[in-house]
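Novice: Read off the chains here:
Protein chains: 2
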Amino acid sequence: MSFGTRLLSRVSQVGSPTCIGLDPHLSRLPLDAAGGRASAAAAAEAFCCGVIEAVAEHVAAVKPQVAFFEALGSPGVAALERVVSTAREAGLLVVLDAKRGDIGSTAEAYAHATLDDDGPMGADSVTLSPYLGAESLAPFARRLETGKGLFLLVRTSNPGSGLWQGSPDGGIASQVASWIASANASAERFGSVGAVLGATLEGEVETWRQRMPRAWFLVPGFGAQGAGPREIRRHFHHDGTGALVVSARGVLFPKSGRDGADWQQQVGGRARALVDAVGAALG
Amino acid sequence: MSFGTRLLSRVSQVGSPTCIGLDPHLSRLPLDAAGGRASAAAAAEAFCCGVIEAVAEHVAAVKPQVAFFEALGSPGVAALERVVSTAREAGLLVVLDAKRGDIGSTAEAYAHATLDDDGPMGADSVTLSPYLGAESLAPFARRLETGKGLFLLVRTSNPGSGLWQGSPDGGIASQVASWIASANASAERFGSVGAVLGATLEGEVETWRQRMPRAWFLVPGFGAQGAGPREIRRHFHHDGTGALVVSARGVLFPKSGRDGADWQQQVGGRARALVDAVGAALG
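Which chain is which? The protein sequence lines are A and B, in order. One point on numbering: in my numbering, the residue at position 168 of the first sequence is 168, and numbering is uninterrupted. One point on numbering: in my numbering, the residue at position 74 of the second sequence is 74, and numbering is uninterrupted.
Because the hints were derived from the structure by calculation, they are not lab data. The model shown is predicted, which means the values in this text are computed figures rather than measured ones. Glycine included, each C-beta is placed from N, C-alpha and C at the ideal position. A few of these clues could be false.
[To be verified] If you want the footprint, here are the derived chain A segments under chain B, 3+ residues with CB under 8 Å:
#1 57 to 69
#2 75 to 83
#3 127 to 135
#4 168 to 181
Put together the whole structure using the sequences plus the hints.
Specialist: Now the structure itself:
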């Protein structure tokens with residue numbers, strides 16, 4: 001089954017198009033992470049696996065942020081490998097947030113590293129940064145037929161991004177959108193190449209939605225980055241399909257301070273609140 | 001001392017603006033890499049450390065390609081950490097070819113992971129993919145004052161890249177070039193923010209050189225990707241400074257087959273041939 005269809009099926013199964021970002025900020029973990037990288041990696045792993053257990057029945061997917069694990073060196077990368085397999089065993093789809101991008105044999109190595117089931121991560125999907133052009137996507141696109149998915153950066157909502165990325169009328173974002181639309185053209189409902197599209201893009205989202213009708217939109221920044229229900233409604237089709245709303249810090253950590261011993265319960269509660277808020281936004 | 005000045009001094013010391021790409025393609029290693037990821041990682045590490053020993057007195061820098069190590073999982077990442085420190089101990093400057101790019105606390109985590117001396121890699125410089133805009137560069141730019149350097153993707157020479165990246169007249173490449181020029185504006189000769197600029201960009205290189213007079217150009221593709229002396233001459237200023245020419249496969253591996261037991265000697269010989277070819281190109 002294709003990734004696009006697997007995601008549709010999983011969203012329907014849990015009844016919510018939501019994804020929890022796994023960003024183990026060491027300073028905010030409810031677990032002791034003192035004593036060097038190996039023990040910090042163990043704490044990050046224990047936290048992420050606890051989050052997975054708490055959210056698995058509520059949300060469709062998790063999005064581990066590779067950077068936080070790489071900052072812990074090779075023990076962090078080993079922890080990430082186990083977090084990915086724990087999430088998959090719990091039935092969650094895994095979006096590995098790696099924003100990789102290169103060409104030729106290097107891109108092939110990244111595709112193997114992130115997606116292949118006989119590779120170290122074996123995630124369901126990966127985020128890519130398409131600066132290097134269409135050739136850079138080919139090795140990843142070859143994994144689509146094995147049920148894997150891609151999310152390409154298109155337009156993000158950080159303040160300076162538009163100047164560099166362009167708009168639906170031109171620039172690299174417009175080129176990437178055309179590539180995505182074309183890659184998904186033969187899909188019945190949703191293809192396996194999605195788009196990363198910022199939550200707060202006033203006046204542009206509807207156009208991107210029309211240009212990539214069969215693409216899943218990965219929408220970061222719900223809650224924490226100031227996006228509310230009104231903003232994210234536009235990323236979806238009228239029938240409420242087509243986008244996956246991501247929340248990380250808003251679910252992982254309380255607004256101030258740290259959770260106590262009941263942290264897993266607190267994370268589960270905040271995940272349910274996210275599911276309710278997104279559900280309300282979709283009517 | 002700033003990275004831009006350190007690189008100038010190192011190039012002058014060895015008398016050659018050359019860099020060896022460390023791309024340990026498993027199938028081409030002159031060492032046995034059978035038996036799972038841990039033994040493959042050990043072979044990749046032994047090979048790269050042998051290459052470092054063979055080239056350290058001839059070239060200015062090495063450029064480990066992160067993807068090949070990540071494809072070997074956490075043992076590969078541990079091997080890369082040791083390869084980077086071996087290269088630095090040998091006096092080589094290290095350009096970590098990671099093409100990272102993200103924003104906010106994630107970009108901060110990548111900057112720590114790749115550049116900080118108390119982080120896992122502690123490279124001298126890192127390649128970045130600037131799709132996410134100027135904000136994505138800020139956490140890396142904060143490392144410039146600790147003597148670290150950046151190389152931002154500007155224009156690459158793979159066939160489809162121009163359509164997405166633009167030209168000196170407009171598009172994301174032009175925006176990135178402006179950012180680089182501005183970041184280097186106060187440097188006496190060369191600043192610490194370089195540009196990745198493909199070797200075979202007919203008719204554009206002179207313009208990029210004028211737009212970024214104080215930027216080091218990192219020029220991949222000498223030899224293997226069809227670029228010869230005529231192409232790379234344009235990346236340099238008239239006095240022969242300002243670019244770092246990269247060769248990977250052309251030095252690491254023989255044109256056909258594999259090296260035998262004398263592989264380290266062969267690698268050293270090919271590195272000297274690279275140095276001679278680049279020297280001849282610069283007259």
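Novice: Which earlier hints turn out false for this structure, listed by number in ascending order?
Specialist: Violated hints: none; all satisfied.
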